[in-house]
Each structure stands twice: as structure tokens, then as C-alpha cells.
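A.B. asks: Okay, here's what each chain looks like letter by letter:
Number of protein chains: 2
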Amino acid sequence: MFKELASATESLKALLERCGPVNRSEAVHLAGAFGRVLYEDVSSPVNLPGFNRAAMDGYAVRAADTRGASPLAPVYLQIDEAAGEGRCVPVRTGMPAPRGADAVLMKEDALPRGREVEATAEVHPYRNLARVGEDVALGETVFREGHKLRPPDIALLASLGLSEAQVYERPKVAIIPTGNELVPPFSTQQLEPGQARETNGLMGELYAKIWGGSPRKVPLVEDDPNLIKEAIAQNLDADLILISGGTSVGDEDYAPPILDEMGELMVHGVRITPGKPTALGMIEKTPVICLPGYPVAALSALYIFARPLITMMAHRTALPRVILARLDGKIVSRPGYLTFARVGLKDGVATPIMTSGAGILSSVARAEGYVMVPEEVEGRENGEMVEVNLIE
Amino acid sequence: MFKELASATESLKALLERCGPVNRSEAVHLAGAFGRVLYEDVSSPVNLPGFNRAAMDGYAVRAADTRGASPLAPVYLQIDEAAGEGRCVPVRTGMPAPRGADAVLMKEDALPRGREVEATAEVHPYRNLARVGEDVALGETVFREGHKLRPPDIALLASLGLSEAQVYERPKVAIIPTGNELVPPFSTQQLEPGQARETNGLMGELYAKIWGGSPRKVPLVEDDPNLIKEAIAQNLDADLILISGGTSVGDEDYAPPILDEMGELMVHGVRITPGKPTALGMIEKTPVICLPGYPVAALSALYIFARPLITMMAHRTALPRVILARLDGKIVSRPGYLTFARVGLKDGVATPIMTSGAGILSSVARAEGYVMVPEEVEGRENGEMVEVNLIE
Chain A
1 MFKELASATE
11 SLKALLERCG
21 PVNRSEAVHL
31 AGAFGRVLYE
41 DVSSPVNLPG
51 FNRAAMDGYA
61 VRAADTRGAS
71 PLAPVYLQID
81 EAAGEGRCVP
91 VRTGMPAPRG
101 ADAVLMKEDA
111 LPRGREVEAT
121 AEVHPYRNLA
131 RVGEDVALGE
141 TVFREGHKLR
151 PPDIALLASL
161 GLSEAQVYER
171 PKVAIIPTGN
181 ELVPPFSTQQ
191 LEPGQARETN
201 GLMGELYAKI
211 WGGSPRKVPL
221 VEDDPNLIKE
231 AIAQNLDADL
241 ILISGGTSVG
251 DEDYAPPILD
261 EMGELMVHGV
271 RITPGKPTAL
281 GMIEKTPVIC
291 LPGYPVAALS
301 ALYIFARPLI
311 TMMAHRTALP
321 RVILARLDGK
331 IVSRPGYLTF
341 ARVGLKDGVA
351 TPIMTSGAGI
361 LSSVARAEGY
371 VMVPEEVEGR
381 ENGEMVEVNL
391 IE
Chain B
1 MFKELASATE
11 SLKALLERCG
21 PVNRSEAVHL
31 AGAFGRVLYE
41 DVSSPVNLPG
51 FNRAAMDGYA
61 VRAADTRGAS
71 PLAPVYLQID
81 EAAGEGRCVP
91 VRTGMPAPRG
101 ADAVLMKEDA
111 LPRGREVEAT
121 AEVHPYRNLA
131 RVGEDVALGE
141 TVFREGHKLR
151 PPDIALLASL
161 GLSEAQVYER
171 PKVAIIPTGN
181 ELVPPFSTQQ
191 LEPGQARETN
201 GLMGELYAKI
211 WGGSPRKVPL
221 VEDDPNLIKE
231 AIAQNLDADL
241 ILISGGTSVG
251 DEDYAPPILD
261 EMGELMVHGV
271 RITPGKPTAL
281 GMIEKTPVIC
291 LPGYPVAALS
301 ALYIFARPLI
311 TMMAHRTALP
321 RVILARLDGK
331 IVSRPGYLTF
341 ARVGLKDGVA
351 TPIMTSGAGI
361 LSSVARAEGY
371 VMVPEEVEGR
381 ENGEMVEVNL
391 IE
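As they're listed, the protein sequences go chains A and B.
Under my numbering, the first sequence has 354 at position 354, and the numbering climbs by one with no breaks.
Under my numbering, the second sequence has 206 at position 206, and the numbering climbs by one with no breaks.
Possibly wrong hints are sitting among the right ones.
The list treats identical chains as one, so a pair stands whether inside a single copy or across any two.
[Said to hold, decoys possible] As a list, the in silico PhoX-like pairs of lysine-lysine whose alpha-carbon atoms are at most 25 Å apart:
hint	residue 1	residue 2
1	330	172
2	172	13
3	285	346
4	107	172
5	346	13
6	346	148
7	209	148
8	209	107
9	107	346
10	217	346
11	346	172
12	285	13
13	330	229
14	229	217
The set of hints was computed from the structure by calculation and includes no laboratory data.
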């Protein structure tokens, strides 16, 4: 079927080298900015706090007025509206420090005596008093370009009075499902013999979003080279095109020759299992991944090629969620092939899921994760510790 | 301030024991069902495939007709519209098997000779032919109650012709921000001296969603016990109430006595650092967490108490994303306290982030993760390997 099969690792590397992170930006409201990546450094437009602030309950004082105070030699301060010259002002945490104050005497060190306070400790300047800009100074860089926003980051930006952030656009992922025998998912249409529901494109769409992309799935395209070409041409503004073939029709592989005609077919047939019929290429500046038709093969190709590509374009790390587990059973891999081996996972034990083929997603239903067996390794032995990547 | 501080581990355990997973369900469209948890077993309403299907390109045959065929002793079959009685039908992968066929002879083993085919191999019944229901049988349980839906699962359900799933409702998390000195986040209102923007409630809202809940944030409530009581009473239909105090006003802790009055104040003051002023309780069947005012303390309380509670209620695992890293520096923890220590993370090295207090989220801006130092451990040594939980 394929004259020469390409190495998975080298194919991925070649594809990644031809692409780059998305460089367009957009302003988004912070309330919806979770997971978005900053396009530029953010500097604070304000001082935080914006005023000298009491950091303790007690009495705002001029520190110098408490010099030498101790339980045996207390100093008496007069309660007033401003501090300094022997005066002090009662304050609670968070309140603005009154005029003349440069420190707060904790209430534990200050006994009220009518209109006076008996100070039994000395305080140094700025003790228990947060200065203007102490938390964040006006103009200070709070986040660098490339920072991925998490809830505390959004809270910090909101505390600076900001309501928007300039972030990288999500990479646009166009998904083109093809196949005469397919019926759109979720349609009420009944299946005729020979028909199946389109689900690889659906899977690609869901994953594109999870991995940080903005998916755009086009309506099902018939197995007609001209229609497929047209769909591709209409989506060359995307950052990535995923073409998915029919779920079961093996031979009518229209997409790879079209890739070759419209641009560059870099690879057709890769040493991954499942997923061998995967094709990769470039049309103009847009990378194209042709997913194999069998669902598990499509899943494998999505994880091996689309995931690193989309996360890179989205300025994210491709770091999967990994659990170290002991293998209960053997993983048989195909030497020279990158193997996407599904495993069940329970109480730290990974059980290989035996499956006859790549056709059936029900084998994935029982899989919690996958073990990637590299090309140069021949499977994994029973009892070995393996890194299980959780299926997202 | 607190007569007796409660153990973090025991407080959390006591709270979890009083609560349970949400048991209400709703039907959701599969296109938006990612991450939702099935309320019931799902059985297949159809056979998949719905017809006997060719699993190879070649000729559909009655297996018995190929008996004994080999390159040296080929068998000749007549090309026709139905199989059997010495006849065969050309088929391609995925096509319905024609009448009379119970196997497919691969095209590699079948040489066309005019109106006949020279079969050079024998096939057994059901060889290269997927039977009705072979992938998924009508009535077969495809997923069990409690399964969290991932893209391949949604694709599988869609392939069965389903478009909805009955899933557990997300736990309702009511967030009640309180504080006279606070101004809502994202408002255009300028801050007066002494004012700050409300961000702990915002952080709670964002995390509630990430952890699988359905947040409902009520407008800012003034520091008036009656208004706070009213807000709580109006939200007792929630599965969890988070009350966040002012970001900096330490002493006006209205919520814990209200908890005591309206229901049960289980804990006020916990041995976690930061986050000591956290309070926990129950009002009727609704657990209530009062977050401390300082932002990092609120973050710590969210991770230590709200995260396990919300994920449990949402039928999810609380498993954080963990990276094993070598400590570059020492983590000083408070003996007897569960310590939420922020660390930077680069190239497998975790650097403790020194910070004077719990007030400043900008210290979290530089933190990639946190190390939980248990109560019975006194810090972590320079060079130790530690488990870093990534900040979501």
C-alpha cells in the first residue's frame, strides 16, 4: 500500500519545523480569559495598594514617637485624627493610614487609657503598614508575554482595575470530513445499509478545542476530488487543516494525491500503529493532516501529530497528564513503529487492552490512558513500570 | 484569635463525610458533553455495524466455496450479484456483504479471469467480514454510570446514533463576596482610598467551574450580618456556598458567627498556612466554606478544601497534575500546619517562592505549582525530590 513508510518522530519534527505559534492577537474580557496566553507583557496601570494601608489592627503612629517603648517603660500617645508629635489614630487592617503615620502599633502592644494609649513596644518605620505600590508598583511588569492565565492571575489583573487582556488568538483548525457513506453525527437521519455516522471529524473538533485551538468543522464532503479540493481551498486561512476520511472505506484515499497536487505531500504512510495510513503535508502555509479512517487509528494520529502541532501553535506546553504505573500484562509493539497502546488503569496498575483492530472505539471506552512505545523499543514487559498518559 | 486550631486533614475529612456526590441529572447534547459524567449505564440502541460488512477489499464469498483453494490448486468462482454456489461478488472495505456471503477473499488471493475469479487461498467463515453487532451489539452496555465523557467516548455514542446523554448535574456553587471596602471586579468605578477590588470571589467562581461545578456568584454583600444571612438563606439550594470576606479587613469576621447561628460552625481557624482564618460549617444540607480575606490564603483554602469537595460532588477524581522535581532551596513549613508552598518550576527544578505574606497574588504569578507539606513534616530540604502540583 505504501512504498516507504516514514518515521513518526521524523515526520512530526519535519512538520513542526514548517509551522510556528500563532502570532495574531485579540483582546478578551478577563472573565473568559482562563487558559489564554498573553500576547504582550502586562504592566500595572496603578499602585497596589493605592494608598498607605494599615496591615494590622491597632494604632497608626509615627514610628519615631514609639522609640524606647517597652512594658517597663511605656510611652503615652494621644488619640487623635492624625499621627505624629505624640499622637496616634486607631486603625483596622486594610484602612488607609492617616496623615502623619508611618507605622502601625499592634493593638496587643497598645493599652487604651482614656484619651491616651499606653504603647509597650517600639515600632520601626513601615512596620505593619503597607506602602503605596508595595504589592505592585505603577508600571511594574506583572506578567510576561507567553504567560498562560490561571484564576489567581486573572484575579491579580482584576485587582489592578483591568478588565481585558491582549492574548494570542487560538489557532484556527479547519476540519474537513469526507466520505460518501457517511451521515452527519447527531442527525435524525436513519442509516441505510453501508452507511455510518461521521465521528472522526467530531473527535478532531472536540480535541482541537481541548488542545487550545478554535475548531471550524465544515459540512461533510463527498468523495469527489473536486469537492475536496474546493473545501481545502476555502479553508487555507486556517492554521491547520484536518481531513478525515470515511470510517471504513479503506482504498478511496482521495486526500493524499490532492495534497500532492495542491501543495506538498510530505508523508503518506507513517510507522505508527494504529494509524499507518496517516498523511501529512503543507498547502501554502497551512499544514494538513489526513487522518486515517479507522476511529482508533484516527485517535492515534490525533495524539501523535495534531496534539503537538495544535499545542505548539497555541503557545501551550504539550505536557500530557502522566501517571507511573506497573504493567499487568505485556504490551506487544511493532518494531520500528511508534505504538499508541491503550491501557486500563486502576490502583496504580496498567492493564493493556487487547484489541483486534483499530476500528472500534469501544476498546477506547475501557482505556484510561495510553502508553507510547517508541520506535526503537520492542514492547513492554509484564511488571515493568510505564508512563501512562491519561486520555484527555 | 482562635482558641484551638483544627487539623486541616481532619477538618476536610469531617466535611467530606457530611457531603456526597450530586445525585441530580440532566440530559445534555453530546456536542457539549465533554467532561460530563454519566448518570446511568448506556446500552447501545443499535447493532454496530448494522449490517454484515466487508472488512477488506476483495470478493465476498461463501467460505465453504473456497475450501482447499491454494496457488497450486485454485478454485474458480463466478462473479455475480450474490455469493454462494460457486459465485462471488466484488466488494470494497466497508460495503455491506451481499446475499449469501459469509467471508471476504482478499483481492491479493483472487485473480480476476474475465467473468470468473481464480481463488488461490481458502477463507474461513467470517474471515474479513464483520458481522452485524460485532463492534457493538444491540443492548450491550457501552459505558457504566460514573464514566467521564472524553472525545472518543462522545464519538462512540454518536456512532450509535445518539445525540444526548443523561449526565449528573454539576454541583451548584454559590459564591457570596462580602466587604464594605470592596468594589466589583471589572467595574469602571474608580477606587477611593481604602477601597479594593473584589477578587477572591472571582477566583472562587473561576475555580468552581474548572473543578466541575456550576458557579453562581451573587452581587457584593455589605458587612451587615442581616444582609449576609439573607444572601446565605437565598442560596441554600446550592450544593456548596463559598463566602469570601474582604481582601484585607482582618477582624470583621461576620461569617463564622452567622454560620454558628444558622447551622453548625464545624471549624473556625485551621492549621493551614496560609489560610488559618478559614471557617467550615454546614447549614441544613449545604456545606459552607468561609475563605480568608488575603488572596493567597483564599487560594490555599480553595485548593485544600473547595477542590476536594467540588470534585467529589462532581463525580470526578481530585487527582492533580503532578510533576516530580528537585528542590532548589528549602521549604520552611510551620510544624503542625498543612503548608501550601508555592514554587516556580523550570527544567525539572522547583524553586520555592519566598514571600512575606499571604496578601499578594503577584507571588503566585511566578509560581507554576505548589508543594503540600503535610502537618507531620517539618519542611523540605534543599535538593529533595518533591511532588509539585501544577496550579490549574
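A.B. asks: State for each hint whether it applies.
C.D. replies: Results for each hint:
Taking identical chains as interchangeable, the C-alpha atoms of residue 330 and residue 172 are never at most 25 Å apart, the minima being 40 Å within one chain and 44 Å between chains. For the identical chains of this complex, residue 172 and residue 13 are intra-copy neighbours only, at 21 Å inside a copy versus 45 Å across copies, given an alpha-carbon limit of 25 Å. Proximity of residue 285 to residue 346 under the C-alpha cut-off of 25 Å is found in neither arrangement, the shortest distances being 44 Å within a copy and 32 Å between copies. Taking the shortest alpha-carbon separations for residue 107 and residue 172, neither the intra-copy value of 59 Å nor the inter-copy value of 41 Å comes in at or below 25 Å.
In this assembly of identical chains, residue 346 and residue 13 lie within 25 Å of each other by CA distance solely across copies; the values are 23 Å between and 34 Å within a copy. In this assembly of identical chains, residue 346 and residue 148 lie within 25 Å of each other by CA distance solely across copies; the values are 15 Å between and 32 Å within a copy. Taking CA atoms no more than 25 Å apart as the test, residue 209 paired with residue 148 passes in both settings, with 16 Å inside one copy and 17 Å between copies. Proximity of residue 209 and residue 107 under a CA criterion of 25 Å is satisfied in neither setting, with 54 Å inside one chain copy and 40 Å between copies.
Neither within a single protomer nor between protomers do residue 107 and residue 346 lie at most 25 Å apart by alpha-carbon distance, with minima of 55 Å and 43 Å respectively. In this homomeric assembly, residue 217 and residue 346 never come within 25 Å of each other (Cα to Cα): the closest approach is 36 Å inside a single copy and 37 Å across copies. Proximity of residue 346 to residue 172 under the C-alpha cut-off of 25 Å is found in neither arrangement, the shortest distances being 37 Å within a copy and 29 Å between copies. For the homomeric pair residue 285 and residue 13, the shortest alpha-carbon distance inside one copy (16 Å) is at most 25 Å, but the shortest distance between copies (55 Å) is not.
In this assembly of identical chains, the alpha carbons of residue 330 and residue 229 never lie at most 25 Å apart, being 44 Å within a copy and 60 Å across copies at closest. For the identical chains of this complex, residue 229 and residue 217 are intra-copy neighbours only, at 16 Å inside a copy versus 49 Å across copies, given an alpha-carbon limit of 25 Å.
Violated hints, in rising order: 1, 3, 4, 8, 9, 10, 11 and 13; the structure is consistent with all others.
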